[in-house]
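Peer 1: The chain contents come next:
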Amino acid sequence: MSIAMVGHVSLEQAKSLVEFLEIGQQEKADALIAEIQNPTNSELFAEIGKLTRQLHDSLTNFQLDSRLNDLATADIPDAKERLNYVITRTEEAANKTMDVVESIFPVVDNIADQVRAVNPAWTKLMNNEIDLKEFKTLCADIDTLLVTTGRETTHIHSLMTDVLMAQDFQDLTGQVIRKVIDLVREVEDSLINMLTAFGISAEQTQGKSALKMADNLVEGPIVNKENRDDVVEDQDDVDDLLSSLGF
Amino acid sequence: MKVLVVDDFSTMRRIVKNLLRDLGFTNIQEADDGSTALPMLQGGDFDFVVTDWNMPGMQGIDLLKAIRADASLSHIPVLLITAEAKKEQIVMAAQAGVNGYIVKPFTAATLKTKLDKIFERLA
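Chains as they are written, first to last, in our numbering: chain A, 1 to 247; chain B, 1 to 123.
One or more hints might be untrue.
[What the hints assert, rightly or not] Cut-off 25 Å, straight-line C-alpha distance, at most; resulting in silico cross-link-like pairs (BS3-like, lysine-lysine):
id, chain 1, residue 1, chain 2, residue 2
1, B, Lys-117, B, Lys-2
2, A, Lys-124, A, Lys-96
3, B, Lys-2, B, Lys-87
4, B, Lys-2, B, Lys-17
5, A, Lys-225, B, Lys-104
6, B, Lys-87, B, Lys-117
7, B, Lys-2, B, Lys-104
8, B, Lys-86, B, Lys-104
9, B, Lys-104, A, Lys-96
10, A, Lys-96, B, Lys-17
11, A, Lys-225, B, Lys-86
12, A, Lys-15, A, Lys-80
13, B, Lys-117, B, Lys-65
14, B, Lys-17, B, Lys-112
15, B, Lys-87, A, Lys-225
Hints were generated in silico from the structure; no laboratory data involved.
On a predicted model such as this, the values are computed, not experimentally measured, just so you know.
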């Protein structure tokens, strides 16, 4: 801008200035002076003023939204604790179940061994080929088998009840996870509000943004297989893909 | 036959161990990620590795690559049992020289089939 332009007052502007002063419109008079002194800057200042006001309002709104503060400082740490609880409970349940199952394996194997042991003599008996001595041994073996089976099936039954009870985690973890889902939904709403306050429309960006994957490719279990075409559906798909690669 | 089971979750290691024991593998050791597994492999005469993909520290795919890159280990068959199900990853594992790929959740029958296939090929 050339210096010569600064300070050129038109007759019209002078008249308006007097008029503003006469009717006591000091603000408008000042604005007119500013415009006369530097027409470009006054527009710029007005624009900056507008933006400053918007920013101020936005910040005030955020401060008013104390819920956002609670979410960040209380609810989210609480949710982390809840999710850790889910990990702990599911791990406990898995271990409790496996403890019981592993203790049942040898018991069942023992019964199977005893059945296998009496089988040849039993077949002879059924075919009327058994002699007295073998018959006496068979009776003793079957007696042992009956005692063992009777005792161990009662034992297994109570162990199975333990397996059943170990599944009670599902109710508890289900409730906890549902709470965390509610929280995620609330955080989502708050974030959308924030975007709106900054004039970014959520819909506008929705199409563009795909989930970002970690640098090392890993994604964990795919929870939306039906909507994806870059993942395999099941083991058959894996086998087909591998065999198409000449595997 | 000496087997190394690598998974960061102890429950999954336990499941795999139980299934392998049922299939007649009794000499089984465990590691919780690739960086623990690799020195064990280098120090011991393992015949077979079953590994997860997604683990903190060294990932299963990197363990596989490290095994294939080490002349003293490169012959060891590696079976991936993983929740990773992207086609891109399966192709990557195949290119890195994996011997079998099982997606979680899986069944005892699937494990048996894959093991039979792996050892049939090596025989």
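Peer 1: Now tell me, hint by hint, if it's right for this structure.
Peer 2: These are the hints, each one checked on the structure:
no.: 1; hint: Lys-117(B) / Lys-2(B); result: holds (18 Å)
no.: 2; hint: Lys-124(A) / Lys-96(A); result: violated (44 Å)
no.: 3; hint: Lys-2(B) / Lys-87(B); result: violated (31 Å)
no.: 4; hint: Lys-2(B) / Lys-17(B); result: holds (12 Å)
no.: 5; hint: Lys-225(A) / Lys-104(B); result: holds (13 Å)
no.: 6; hint: Lys-87(B) / Lys-117(B); result: holds (21 Å)
no.: 7; hint: Lys-2(B) / Lys-104(B); result: holds (23 Å)
no.: 8; hint: Lys-86(B) / Lys-104(B); result: holds (12 Å)
no.: 9; hint: Lys-104(B) / Lys-96(A); result: holds (21 Å)
no.: 10; hint: Lys-96(A) / Lys-17(B); result: holds (16 Å)
no.: 11; hint: Lys-225(A) / Lys-86(B); result: holds (10 Å)
no.: 12; hint: Lys-15(A) / Lys-80(A); result: violated (69 Å)
no.: 13; hint: Lys-117(B) / Lys-65(B); result: holds (21 Å)
no.: 14; hint: Lys-17(B) / Lys-112(B); result: holds (13 Å)
no.: 15; hint: Lys-87(B) / Lys-225(A); result: holds (12 Å)
In summary, the structure is inconsistent with hints 2, 3, 12 from the numbered list given earlier, while agreeing with the others.
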